[in-house]
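Participant: Order-wise, the sequence lines are chains A and B. Reading the first sequence from the start, the letters are residues 1 to 495 in full-length UniProt numbering. Reading the second sequence from the start, the letters are residues 1 to 495 in full-length UniProt numbering.
Errors might be hidden in some of the hints.
Intra- or inter-copy, both count: the list cannot distinguish identical chains.
Computed cross-link-like contacts, DSBU-like style, restricted to lysine-lysine with a CA-CA straight-line distance of at most 35 Å [to be verified]: (1) Lys493 with Lys62; (2) Lys148 with Lys493; (3) Lys472 with Lys19; (4) Lys25 with Lys62; (5) Lys446 with Lys19; (6) Lys316 with Lys369; (7) Lys369 with Lys51; (8) Lys258 with Lys19; (9) Lys365 with Lys472.
Think of the hints as simulated: they come from the structure by calculation, not from any bench.
There are 2 protein chains.
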Amino acid sequence: MTSLSQKSFVASQDFDALKDIVGEKGLMWPDGHGGDDFAVYETCVRYGAGKAAFVVRPANSKETSRVLAYCYGRGITLIPQSGNSGLVGASTPDSSGTQGVLSFDRLIRTSEMGTDSSDQIIFDEENRSVMVGAGVRLSDLNAFLEPKGYVFPIDLGADPRIGGMIATNTGGARFLRYGDVRQNTLGVKVVLADEAGTELDFMSGLRKDNTGIDWKHLFIGTTGVLGVVTEAVLNVVRLPQQSTAALLVPRDEAAVLKLLLEMEQRCDTNLTAFEGMSANAIRAAFDHVPSLRNPFPGGDVPDYVLLVELSRTWAKRESEQNLDELMEVVLAEIWEDEEAPLENAFIGRPEEMWALRHALSEGVKHAGKLVAFDVSFRRGDLMRFRAFMAQELPEKFPNVWICDFGHVGDGGLHFNLSIPQDDPRLNDTAFMPSLREWVVKIVVEKYNGSFSAEHAIGRSNQGFYDLYTPEKVKELAGKIKGALSPGELGDVKLG
Amino acid sequence: MTSLSQKSFVASQDFDALKDIVGEKGLMWPDGHGGDDFAVYETCVRYGAGKAAFVVRPANSKETSRVLAYCYGRGITLIPQSGNSGLVGASTPDSSGTQGVLSFDRLIRTSEMGTDSSDQIIFDEENRSVMVGAGVRLSDLNAFLEPKGYVFPIDLGADPRIGGMIATNTGGARFLRYGDVRQNTLGVKVVLADEAGTELDFMSGLRKDNTGIDWKHLFIGTTGVLGVVTEAVLNVVRLPQQSTAALLVPRDEAAVLKLLLEMEQRCDTNLTAFEGMSANAIRAAFDHVPSLRNPFPGGDVPDYVLLVELSRTWAKRESEQNLDELMEVVLAEIWEDEEAPLENAFIGRPEEMWALRHALSEGVKHAGKLVAFDVSFRRGDLMRFRAFMAQELPEKFPNVWICDFGHVGDGGLHFNLSIPQDDPRLNDTAFMPSLREWVVKIVVEKYNGSFSAEHAIGRSNQGFYDLYTPEKVKELAGKIKGALSPGELGDVKLG
């Protein structure tokens, strides 16, 4: 552990030493040695900018190991930074100017490749897996896989790098069918923040292996503070060759879960998405992206709309129904019941529906001052929480608009609130924290939900971690952190 | 930590103290206080019998906590024992007579129920999950779920209790479609072997939750040495309403993986099993169970046979092909290729095919002296390992017969060897260890495989854990064990 005085001391000798490890193009520091991009590494998507003492960009796991060992010895704090598209402020330095950024930019080849290999990805089709460096972007991985008929099935709006996806255990819109990053990670190579910069190799890529602790799970979802994942073996799946989507209008809020259970039974794993969208979020998307087609009769947006998707990995056979027909049959079956949970349904072009779904996020950002919560519930409680909020929020915080959307199929909810930009309460520094704390309290205490469903822990929600994690659990987390990576890694405190 | 002298001392005062916690029927000890069943708790399926100082059977998590705290204070080693159907000798005491068995027999209700509640299982249909005590048997859970149209999808030959399934992270025959216990565990309650007998509650049952370390993964698959799981929240799935199966004869060994990839693409997740069976294992099953029908022309068993299963959660619709037709269409598609990987195929009654598959295990047990290995590989390496062994084993160990079967779809292999019971080498105490060590060496060193795919670590494979786990990993495992459960829990040493 380092003292504050040590931490604040990063000197030119450190730059020389780090350059010896990563080379000229592997290190940047302020005052003319940073290049034009330096500020990019200091700035995160949602929570303002910090100030970096330097940015170090190792090209492989070995260099990462030497960087971590060096910084451990010097008591320098390193902030692991992957695609820097995270939403909780975990991947950028604080404002002290004493922390170094450990960028994954150049971690795009695995140890088995030469550094000048043209291949970035090792594909094992028989095992349906790939071996990649932590710096490979999701889009690059999928561009590599698609011609081969495969995909890494984590469907996100952003384009992160693999290391950050592992560190935050991202979920996304097709979790219902494919699970999260954790469920699709078969192995990792990890570097610890200790005296030796220990490299641990859990890269066998086996699907069944029960020989003691399954170590990868400690490093998945813990934002890099227990160790830096430099390489990974990932599960990949067959690219769907057929898909269809529908917008469903549930009879009422209670009908949403009934519809989910009906769809699951009647479509099994053909069901690849079951997403919920509030009227306010949909209207915000239409306002922000005028080219979006409004599919609702008379343009009247229903209170709540579900986007359901069916897909299959094979091309339609002559002897089979296509998926549009299956969707129609399934909806007709559901409708037969007099108390059908379904009020209306629109089958149309999947691209159009997904365009609407993907426009929600930007839409709500432009509808006013956005207060975003990434929460989750047992699936049934998601709609109960929404109903409670629709009732209580206007009384507690009038003139705050709910424009949520989310992953009903897995209980994840992007619970967004929007406040008019000219609202005088925005000038009151106590207002926003009190709103945040009230919402999270309801999520955690009333509904036993999570205050971070798929964005993990960073500076922005550290306070909630501290508040809602039992003392004993924090004590144990501290011991595990101390055992694995006693050095200063990341700015998140689990213990 | 306890000294040996402390460990060997279990006295009548301990029986009194434990009885105070668990009541008369919660404690048994030798010399007339054990009941007729006492030896059952001392004996494991595959690796002989030990000797217990006592058997303590707490009825809930609170009692478990008090038992662990007491035994921690007294330095008594407890061996957690669930259904005692494990195959690596992890659930029974050693021969010293100083270890107590911590039985899960009575852990059949969760903390939310009264101890005299008639319900043993809390079903949350909206969340597709159940909350159960660790002592509930798999068969009882499924008997509860089936009338509701659901199943806990871990398909095993044995009938373990849930706690043991979690402790060993069982996989089974439908892993390909449903994953292992880890992937179907949404939460656990766990009791630590520390001074307080700390109870940790990770029972929220959320599907998406990334708020620090995901603790359950430390307790899954580590045979109870890091803490005793007393309750769990499990994912359940819709019970299939249609299924079909076929026996496929691959053109040659290399064709097996091609067939797997073809089936995955053409059937997607309708494919729920892809199991491999060697001719020797099949013949052993026919010998042992004469009532099994031999489906092969002229009774000639092919060298290697695959059992593939398709299933769906919905009842066949009039407008759809049934699954038998789908299987025929898919096999015809594969056959179209001149270099089709398929030599022959038999579509028949799924029950008959599964009866054959499930008879393999008993069959090989009766074919001679069985030497069983539970190993796994990257999927492609499974067949390469088999080919290597077919070549090398007869030279290295003549007159030893390979009668393997396994889960080709996930790389898991029950690599069984059979030796004639009258073979004089069986009297040579060095023979069996040398055979075991040679096979495992090939698995781990040549093929980067696992020496314990789905049975976890126990006394029988502790030596391989010690040999093949890197020193640094063992050191870290020891620290984690010390942080979580410093007391003597289980007889497996991870660190």
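Participant: Are the hints correct? Go through all of them and say.
Facilitator: To see whether the hints hold, each was checked on the structure:
1. For the identical chains of this complex, Lys493 and Lys62 are neighbours both inside a copy (26 Å) and across copies (30 Å), given an alpha-carbon limit of 35 Å.
2. In this homomeric assembly, Lys148 and Lys493 never come within 35 Å of each other (Cα to Cα): the closest approach is 42 Å inside a single copy and 44 Å across copies.
3. For a Cα distance limit of 35 Å, the shortest separation of Lys472 from Lys19 across copies, 29 Å, qualifies, whereas the shortest one inside one copy, 42 Å, does not.
4. For the identical chains of this complex, Lys25 and Lys62 are intra-copy neighbours only, at 16 Å inside a copy versus 58 Å across copies, given an alpha-carbon limit of 35 Å.
5. For a Cα distance limit of 35 Å, the shortest separation of Lys446 from Lys19 qualifies neither inside one copy, at 52 Å, nor across copies, at 38 Å.
6. In the homo-oligomer, the alpha carbons of Lys316 and Lys369 never lie at most 35 Å apart, since the shortest distance is 46 Å inside one protomer and 51 Å across protomers.
7. When the C-alpha separation of Lys369 and Lys51 is checked against a cutoff of 35 Å, the pair qualifies only within one copy, where the shortest distance is 26 Å, while the shortest distance between copies is 68 Å.
8. In this assembly of identical chains, the alpha carbons of Lys258 and Lys19 never lie at most 35 Å apart, being 60 Å within a copy and 48 Å across copies at closest.
9. For the identical chains of this complex, Lys365 and Lys472 are neighbours neither inside a copy (38 Å) nor across copies (48 Å), given an alpha-carbon limit of 35 Å.
This entry does not satisfy hints 2, 5, 6, 8 and 9, going by the numbered hints stated previously.
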